[in-house]
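Sequences and hints are given; from them, build the entire structure.
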Amino acid sequence: MNDMPSQWILLIALFAIALYILRAKPTAKGQAIRRLVLVVGVLGGIVLVLVPDLLFGTATLLGIKEGSDLLLYLFIVAMMFYVVHQYRRLMWFDKMTTDLAREIALLRRELDEVDKKASQKR
Amino acid sequence: MASSASTSLKKALERNSAASSAVWNNSQVATSTRRKNPKNPGVYVVVPLFNEETVIKGVIDTLHTEFDQVICIDDGSTDNSAAIAEKAGATVIRHPMNLGQGAALQTGFVYAKRQADCEYVVTFDADGQHRLEDVLDMLSYSRRKDCPIVFGSRFLDKRTKPGLKKKIVLKVAVLITRVVTGLNLTDAHNGLRVLRRDALEHVNLIQDRMSHATEIVHQLAATKMAWKEYPVEVLYTDYSKAKGQSVLNSINILFDLIVRT
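Here the protein sequences come in this chain order: A and B.
So for the first sequence, my numbering puts the first residue at 1; every next one is plus one.
So for the second sequence, my numbering puts the first residue at 1; every next one is plus one.
Check each hint, because a few of them may be wrong.
As the list claims (entries may be wrong) - No more than 20 Å apart at the CA atoms, straight line, and that leaves these computed lysine to aspartate or glutamate pairs for EDC-like:
#	chain 1	residue 1	chain 2	residue 2
1	B	LYS87	B	ASP125
2	B	LYS87	A	GLU103
3	B	LYS228	B	ASP117
4	B	LYS113	A	GLU103
5	B	LYS87	A	GLU113
6	B	LYS161	B	GLU66
7	B	LYS145	B	ASP125
8	B	LYS87	B	ASP117
9	B	LYS228	B	ASP157
10	B	LYS39	B	ASP117
11	B	LYS87	A	ASP115
12	B	LYS113	A	GLU110
13	B	LYS57	B	ASP157
14	A	LYS116	B	ASP146
15	B	LYS161	B	GLU201
16	B	LYS39	B	ASP157
17	B	LYS167	B	GLU229
18	B	LYS113	B	ASP198
19	A	LYS116	B	GLU86
20	B	LYS57	B	GLU86
21	B	LYS113	A	ASP99
22	A	LYS117	B	ASP68
23	B	LYS171	B	GLU229
24	A	LYS117	B	GLU86
25	B	LYS87	A	ASP112
26	B	LYS39	B	ASP79
27	B	LYS171	B	GLU233
28	B	LYS113	B	ASP68
29	B	LYS113	A	ASP69
30	B	LYS228	B	ASP137
31	B	LYS113	A	GLU113
32	A	LYS117	B	ASP117
As the list claims (entries may be wrong) - Some but not every residue of chain A turned toward chain B, in silico, with C-beta under 7 Å:
#	residue
33	ILE21
34	ILE104
35	ARG109
Think of the hints as simulated: they come from the structure by calculation, not from any bench.
Here the structure is a predicted model, which is why all the values come from computation and not from measurement.
Here a beta-carbon is modelled for each residue, glycine too, at the ideal position from N, C-alpha and C.
Have a look at this one:
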């Protein structure tokens with residue numbers, strides 16, 4: 001690996017994604033960071049559309065030949081984060097569904113037992 | 001013609017009601033004898049149930065010869081399993097949809113923990129591959145030796161003869177369980193377990209699907225309580241042979257236990 005800052009940045013990003021899979025619960029802090037990234041992304045996009053030369057400049061600064069390559073890398077990293085985030089969210093929803101379904105099942109059983117007792121009294 | 005038809009209908013109805021009242025009387029007798037002569041009070045047998053209508057009645061009847069409390073967790077069966085279990089006299093708790101065996105076990109645990117008289121929980125598979133004698137042995141071992149956790153193992157003696165493929169699958173699962181939990185078990189995926197209430201309090205399964213077998217060992221290992229693997233025999237009927245897991249599924253289990261909710 002020769003001196004390409006982009007490689008370091010990409011490695012760190014991939015490492016962060018791996019950690020993100022393992023992270024436990026959705027937090028308000030995480031949500032705030034995601035929203036911040038979204039706003040920065042949109043603003044950055046606007047700036048890049050208005051001043052396309054900036055993309056090439058940033059790419060050379062990071063040791064990437066083409067501006068479009070930088071865009072591709074950014075896109076891949078963002079997409080991976082998104083996929084992992086949705087995966088975690090689904091897991092969390094699954095757990096909630098299970099907990100809810102369990103409570104429904106137990107509640108129905110309790111109702112049955114109350115019914116049975118009432119009919120025995122009669 | 002019409003009148004004879006209606007009288008025969010009436011007779012049939014009478015016969016029917018007589019039969020149903022006889023059934024009712026029978027069940028009354030059964031519960032009253034049960035009350036007079038309780039069988040293993042405080043032991044709750046938890047049976048996760050999913051589409052086993054051909055075998056479930058036999059399993060429940062066998063369990064009822066020694067245990068009053070048989071709890072069937074119907075995990076959204078699409079056949080008649082739940083109705084048959086109810087008719088056989090088991091306490092049936094119905095999941096509104098299929099959630100997986102781990103979820104069914106956990107529902108049974110929550111139910112048992114809410115019963116004030118619960119001392120022991122036994123987990124028992126619905127497909128008839130376990131033996132009642134083994135449960136009784138494990139229970140008496142737990143009571144005798146004050147051992148709160150007893151796992152059934154089919155690999156401690158030569159009685160059980162799984163096929164080669166099944167053996168490989170189970171051995172891989174054992175390896176993973178050893179790595180994850182640090183317990184030196186010989187059989188990781190045996191549905192037969194005896195848990196005393198104090199051990200049960202530490203179990204909270206969140207793995208809905210098959211990974212729960214490793215998860216339960218993991219949570220029990222964390223309690224540092226005494227545990228024992230007890231030799232049991234698993235009956236491989238043609239029926240239970242048709243099911244079973246693949247080697248690839250152990251990758252799922254490993255992943256599930258690392259990536260947790």
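Restraint check, 7 Å cut-off on beta carbons, for A:ARG109 near chain B: At about 5 Å, which falls below the 7 Å cut-off, the nearest Cβ of chain B leaves the hint on A:ARG109 intact, so it holds.
Can the hint on A:ILE21 be confirmed by a CB-to-CB distance to chain B that is less than 7 Å? holds (6 Å)
For the pair supplied as a hint, B:LYS87 and A:GLU103, confirm whether the alpha-carbon distance does not exceed 20 Å. violated (24 Å)
Would you check the hint for B:LYS171 and B:GLU229, treating anything up to 20 Å between C-alpha atoms as holding? holds (16 Å)
Hey, B:LYS228 versus B:ASP137, does the alpha-carbon distance stay inside 20 Å? holds (12 Å)
Take a quick look at whether B:LYS171 and B:GLU233 sit within 20 Å of each other, Cα to Cα. Cα-Cα ~17 Å, so holds.
Is the straight-line distance between the alpha-carbon of A:LYS116 and that of B:GLU86 20 Å or less? holds (14 Å)
Next pair to validate is B:LYS113 with A:GLU113; report whether the Cα-Cα distance is within 20 Å. Distance of about 17 Å is within 20 Å: holds.
For the pair supplied as a hint, B:LYS57 and B:GLU86, confirm whether the alpha-carbon distance does not exceed 20 Å. holds (9 Å)
Quick one, are B:LYS113 and A:ASP69 close enough, alpha carbons at most 20 Å? Not satisfied, since the Cα-Cα distance of roughly 58 Å exceeds 20 Å.
Within a Cα-Cα threshold of 20 Å, do B:LYS113 and B:ASP68 meet the stated pairing? holds (16 Å)
Please work out if B:LYS113 and A:ASP99 have their alpha carbons no farther apart than 20 Å. Holds: B:LYS113 and A:ASP99 sit about 16 Å apart, inside 20 Å.
Checked against the numbered hints given earlier, this structure breaks hints 2, 3, 6, 7, 8, 13, 14, 15, 16, 26, 29; the rest are met.
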